[in-house]
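Line by line, the protein sequences are chains A and B.
Take 1 as the starting number for the first sequence in my numbering and just add one per residue.
Take 1 as the starting number for the second sequence in my numbering and just add one per residue.
There may be inaccurate statements among the hints.
For identical chains, the list gives no copy identity; a pair is met inside one copy or between any two copies.
[To be verified] Okay, derived cross-link-like pairs now, DSBU-like style, lysine-lysine, Cα gap no bigger than 30 Å in a straight line:
hint, residue 1, residue 2
1, K31, K128
2, K35, K84
3, K94, K238
4, K80, K183
5, K233, K42
6, K209, K110
7, K145, K80
8, K236, K44
9, K236, K42
10, K234, K209
11, K148, K80
12, K37, K236
13, K226, K203
14, K2, K86
15, K94, K128
16, K84, K258
17, K84, K8
18, K50, K94
It is worth saying that the hints were derived from the structure and are not from the lab.
Protein chains: 2
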Amino acid sequence: MKSFSNKKKIAKTWFKNLRNEICNEFLNLEKKKSKKKIQFIKKKWIKSKKKSEGGGEMALLRDGNIFEKVGVNISEVSGKFDNKYKKQIPGAEKNPNYWAAGISLVAHFKNPKIPSLHFNTRYIVTTKEWFGGGMDVTPCIPDVKQKKYFHNELKKMCDRHNLSYYKKHKKNCDKYFYLPHRKEPRGDGGIFYDYLNTGSWEKDFSYTKDVGIVFLKIAKNIIEKKINLRWNKKEKLKQLHKRARYAEFNLLYDRGTKFGLATGGNIEAIFMSLPPLASW
Amino acid sequence: MKSFSNKKKIAKTWFKNLRNEICNEFLNLEKKKSKKKIQFIKKKWIKSKKKSEGGGEMALLRDGNIFEKVGVNISEVSGKFDNKYKKQIPGAEKNPNYWAAGISLVAHFKNPKIPSLHFNTRYIVTTKEWFGGGMDVTPCIPDVKQKKYFHNELKKMCDRHNLSYYKKHKKNCDKYFYLPHRKEPRGDGGIFYDYLNTGSWEKDFSYTKDVGIVFLKIAKNIIEKKINLRWNKKEKLKQLHKRARYAEFNLLYDRGTKFGLATGGNIEAIFMSLPPLASW
Chain A
1 MKSFSNKKKI AKTWFKNLRN EICNEFLNLE KKKSKKKIQF IKKKWIKSKK
51 KSEGGGEMAL LRDGNIFEKV GVNISEVSGK FDNKYKKQIP GAEKNPNYWA
101 AGISLVAHFK NPKIPSLHFN TRYIVTTKEW FGGGMDVTPC IPDVKQKKYF
151 HNELKKMCDR HNLSYYKKHK KNCDKYFYLP HRKEPRGDGG IFYDYLNTGS
201 WEKDFSYTKD VGIVFLKIAK NIIEKKINLR WNKKEKLKQL HKRARYAEFN
251 LLYDRGTKFG LATGGNIEAI FMSLPPLASW
Chain B
1 MKSFSNKKKI AKTWFKNLRN EICNEFLNLE KKKSKKKIQF IKKKWIKSKK
51 KSEGGGEMAL LRDGNIFEKV GVNISEVSGK FDNKYKKQIP GAEKNPNYWA
101 AGISLVAHFK NPKIPSLHFN TRYIVTTKEW FGGGMDVTPC IPDVKQKKYF
151 HNELKKMCDR HNLSYYKKHK KNCDKYFYLP HRKEPRGDGG IFYDYLNTGS
201 WEKDFSYTKD VGIVFLKIAK NIIEKKINLR WNKKEKLKQL HKRARYAEFN
251 LLYDRGTKFG LATGGNIEAI FMSLPPLASW
């Protein structure tokens with residue numbers, strides 16, 4: 001069995017390498033569309049004044065030829081959960097120390113025919129340990145074929161690891177990404193899992209890696225199919241309205257946002273997901 | 001002493017007449033700027049399937065020459081507070097019945113040099129009764145002279161009613177319209193009061209009316225002064241960023257928004273305040 005320090009090192013290295021690969025592939029897509037020079041701007045942040053509590057790095061690309069705004073955040077943080085949170089976190093009630101690393105991504109596109117994309121995975125250690133993450137897709141113009149392709153790819157990937165995962169993790173996603181005040185789902189759904197610990201770290205890590213690899217495959221496929229489609233003003237306005245609902249979800253309900261704001265997290269990293277332009 | 005039914009009738013008639021006057025004056029400003037035909041679109045809504053619980057009317061003007069989006073909502077609703085809320089509301093703990101009427105306004109302007117304006121007043125009856133309301137101003141480009149004028153007008157008005165009001169009601173506003181996650185106030189402040197019941201309904205109503213009258217005077221003055229100022233792209237972008245904070249405040253903290261969403265209020269009326277365009 002691997003030691004904790006070994007597992008932490010392997011996991012955080014994976015998140016960083018995946019970030020690099022995603023950024024490279026996204027830049028390659030940008031280059032296909034135009035010769036305008038586009039770059040990710042990287043910005044390191046620390047969690048608190050105590051440097052020992054870690055931090056992260058945000059990579060942000062704005063006003064691209066394809067991406068209107070895409071942020072990829074990686075982080076490695078540690079600390080103690082305060083009294084309010086420690087009861088809610090497995091393994092933290094008696095010993096509030098935690099360590100967490102992860103990757104998180106949100107992409108909003110210029111072309112309203114390309115759906116917004118959201119993906120994250122993480123590895124968390126308290127006196128217990130687990131993986132979590134997933135992805136979902138939010139189109140503003142319905143596309144049945146794309147939805148079918150997306151869920152089919154997710155199912156194939158899940159089935160490679162455990163035949164119960166797709167159904168279970170899809171259900172989590174549907175339940176979570178729902179706007180009760182609008183009585184509507186955020187988008188086309190996807191998969192999300194949390195507290196994954198089957199007893200085999202290798203297997204759980206392997207699933208978590210696959211979620212990242214398949215996200216990149218799906219993202220590229222969805223983008224490439226629509227990269228050259230034309231759109232009109234009405235469709236752009238539809239996108240701005242759909243994005244308003246995206247902001248509503250993140251500000252009203254998202255647990256990560258609430259947790260980040262409550263624990264004094266880095267505002268820029270927390271709000272990275274919010275749309276570059278939205279209309280109410 | 002007036003009967004409750006008389007007071008309710010007088011108050012709700014005031015809110016409606018004030019709405020009409022504000023809409024007329026705002027349309028007059030629009031006409032000064034251009035001959036493009038602009039109208040408020042009025043839309044009635046009901047609070048619930050029980051028609052007896054009342055509802056309201058939203059008046060919305062979009063894409064004007066001056067106003068990018070302005071909504072004025074009047075409402076008259078009644079019902080029973082549920083268990084969660086009745087403990088928080090004066091006079092509702094033993095008898096959860098309530099009646100409320102009010103006016104609420106938010107204006108976002110095309111010209112980034114004109115600040116966003118927010119105003120509301122209301123009259124609420126449980127086994128107790130009180131008035132509440134106020135106004136605040138959110139510029140995206142600081143204007144010391146305008147801030148001074150605004151607070152001076154408020155102070156003059158408050159002082160006509162009670163020499164302690166301005167200080168007290170300004171403090172309420174500063175405390176409430178603050179974004180802790182950004183460590184910044186929403187804007188230039190203003191005045192807000194709640195649970196106002198001095199024992200004289202006439203006096204409290206008179207103050208509430210004056211708040212509305214002075215709002216209209218201030219709004220016209222601020223708008224007219226800036227109506228013809230030019231602006232550039234950079235200033236417009238600044239406005240879109242400031243408006244994002246406006247949306248953050250309303251979705252993360254605003255009590256009215258939370259109350260409306262929790263009690264199944266009319267989404268369009270609740271989100272009337274959200275900006276026509278915002279950028280993160």
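Going down the list of hints, with the structure as the test:
1. K31 with K128: Neither: 44 Å inside a copy, 67 Å across copies.
2. K35 with K84: Neither: 51 Å inside a chain and 58 Å across chains, both beyond 30 Å.
3. K94 with K238: Neither: 49 Å inside a copy, 47 Å across copies.
4. K80 with K183: between (37 Å within a copy, 24 Å between copies)
5. K233 with K42: between (32 Å within a copy, 26 Å between copies)
6. K209 with K110: Close inside one copy (29 Å), not across copies (47 Å); limit 30 Å.
7. K145 with K80: Neither, since 46 Å and 47 Å both go past 30 Å.
8. K236 with K44: The answer is between: 29 Å across copies meets 30 Å, while 33 Å in one copy does not.
9. K236 with K42: Answer is both; intra-copy 28 Å and inter-copy 26 Å each pass.
10. K234 with K209: Neither, since 39 Å and 42 Å both go past 30 Å.
11. K148 with K80: Neither: 42 Å inside a chain and 46 Å across chains, both beyond 30 Å.
12. K37 with K236: both (24 Å within a copy, 25 Å between copies)
13. K226 with K203: neither (35 Å within a copy, 64 Å between copies)
14. K2 with K86: Intra 26 Å, inter 55 Å, cutoff 30 Å: intra-copy only.
15. K94 with K128: within (11 Å within a copy, 47 Å between copies)
16. K84 with K258: both (13 Å within a copy, 22 Å between copies)
17. K84 with K8: This pair counts as within: shortest intra-copy Cα distance 26 Å, inter-copy 44 Å.
18. K50 with K94: For K50 and K94, the Cα distance is within 30 Å only inside one copy (23 Å; across copies 50 Å).
Violated hints, listed in ascending order, are 1, 2, 3, 7, 10, 11, 13; each of the other numbered hints is respected by the structure.
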